[in-house]
Amino acid sequence: MKEYKAQILSNIKVADGYYVLCFKAGKAQVNAAPGQFFNIKVNEGGSPLLRRPFGLHSVSDGGVKILYKIVGNATEMLAGKAPGEYINVLGPLGKGFDLNNAGTKNAVHILAGGGHGIAPLLALAENLRKKRKNVIVLIGGRTKCHIVGEIMFKRIGCRVFVSSDDGSAGYKGRVSGLLDDILAKNENKTKKTAYFIYACGPKPMLRTIAGLGMIYGVPTQVSLEEYLGCGIGICVGCPVETKAGRKLVCKDGPVFEAGDIIWKK
Amino acid sequence: MEKINPLEIRIGKLKLQNPVLLASGTCGYGSEIADFTDVKKLGGVVTKTITLKPRTGNPVPRIVETPSGMLNSIGLENKGLEDFAAVKSRELSKLGTEVIASIAGDNIKEFSAMAERLSLLTCVSGIEVNLSCPNVLHGMASRTYKLIAQDARATSDVVKAVRKCTKKTLIVKLSPNVTDIKEIAKAAENAGADAVSAINTLFGLSVNIKTGKPNLARGAGGLSGPAVKPVALYHIKEIYSCVKIPIIGMGGIMSFEDVIEFMMCGAACVQIGTCNFIHPGESAEIVRNLEEFVKGRKIKNISSLIGSVKI
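Protein chains in written order, with our numbering: chain A, 1 to 265; chain B, 1 to 311.
Because the hints were derived from the structure by calculation, they are not lab data. We put the CB at the ideal spot given by N, CA and C, even for glycine. Hints are supplied without guarantee of correctness; some may be wrong.
What the hints assert, rightly or not - Taking beta-carbon pairs under 10 Å as the criterion, some of the chain A residues facing chain B (in silico): (1) Ile232; (2) Glu241; (3) Ala244.
Chain A with its partners taken away, still in its complex shape:
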């Protein structure tokens, strides 16, 4: 795989501090699987020096979209990029969501995202909707302002529920609370729905959701976040303990079966 210079097609603010950048993509990038990521060098030279990983957000005609939140220098510089400028892209990298065993027609796929954790879930929702699957999306944020992407998911036919820590939008509490409600209701039904869970967000959220998946016996996949040095498995900076031994988030993941991870407090 070779790195390549990708021209920026658009770079639009979608919420406070959140942007969607679309870059011109080659065949490999357009064929990226949901859950895979691109390791992007924002600028030439030493500032910033390392690439930054961004999950595939959406694929459109000849372009690939990433959704990002301004969290530091690199993302701030990225937000300042105009259409026509170039970024250096390596990817798609990593292992995405496994959709080989996505259940029958009546199965319901629940996508849970916290904060900018929804970034890779849109690509996943698009993929599932193309296969005419039922998709529920749960979006959590600290406040109403931190909830991103609601409309994008609704536009492609997903049912969307939101949660906020302060109750300023939707359910008051965590995204995992929303999920717990859905799964608990299902327990009382005589004819139970077959659910599949896919989650992306901060580690405590993923740990809780992994627990729910286990309690209710629902197949659960999580996309882990870690500081990445290289993104290709050579710096060994992003280890994660699994039942099958030490794995690397960048190369063996970022998506894992939740039950395989050894979750630490």
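Chain A is fixed; fit chain B onto it per the hints.
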């Protein structure tokens, strides 16, 4: 008539097709980076450091970016000597490039045991003794010194012991975290090293002012990347002034121009490190650019550049 290769460089018994190697800890065991760069085009690769017993390494975060560089605190995570000899070595023989095995031990006995075992592997063409990893504590480190490579006597003892166990090319990796690198380089040379490599990473620290905690879980780490290049060049010039064995230079090399700069300061060949994390395909590109450089300048052999800086 045999075609003369203007990039050919000799290090001990090793005849490298060019002076560009990949540094230990930045290319896995070679096969991991082979998807991104043509390792057959390189002078060789130096494996991730192997220890006698498996090591789980340090807690995360293990990597943090700093101005024009990065701190790492991997902690020599590896599956140990036996896994290397039994499993990894099979992949190495298919790589099509010279493989130098990097080793670290807690004491002389461990170093010797590893050198002896690795000497039996035909896929290993040289051994780099890592005396300078800033992220682990060695049993040999005294109260005065954190690293073996800070102690001329300990360096000499390890190198002598390893020398007895192997006929393969023996390289000693030095630390910049010293008062006088010349003393350590001389100790390595006198103890029988075929070459020294410099520099390993510098001790460094970076703090999150919101939490008041270091950005790396373990606290301090090793600094690498373009930020350390001038430090590396200085140390290489120092070493060049006092030893006769070849120097393998490294520290923030990102381009073929950097390679030339290192050679001018005294390096016979170089290792590409942090650059692999950012541009994993760059090493083969650097070789290509060096080929053009020597051709354009009508240089018969690139070794003529070694130590040519006019000071």
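In rising order, the numbers of the hints this structure does not comply with: Of the numbered hints given earlier, the structure breaks just one, which is hint 3.
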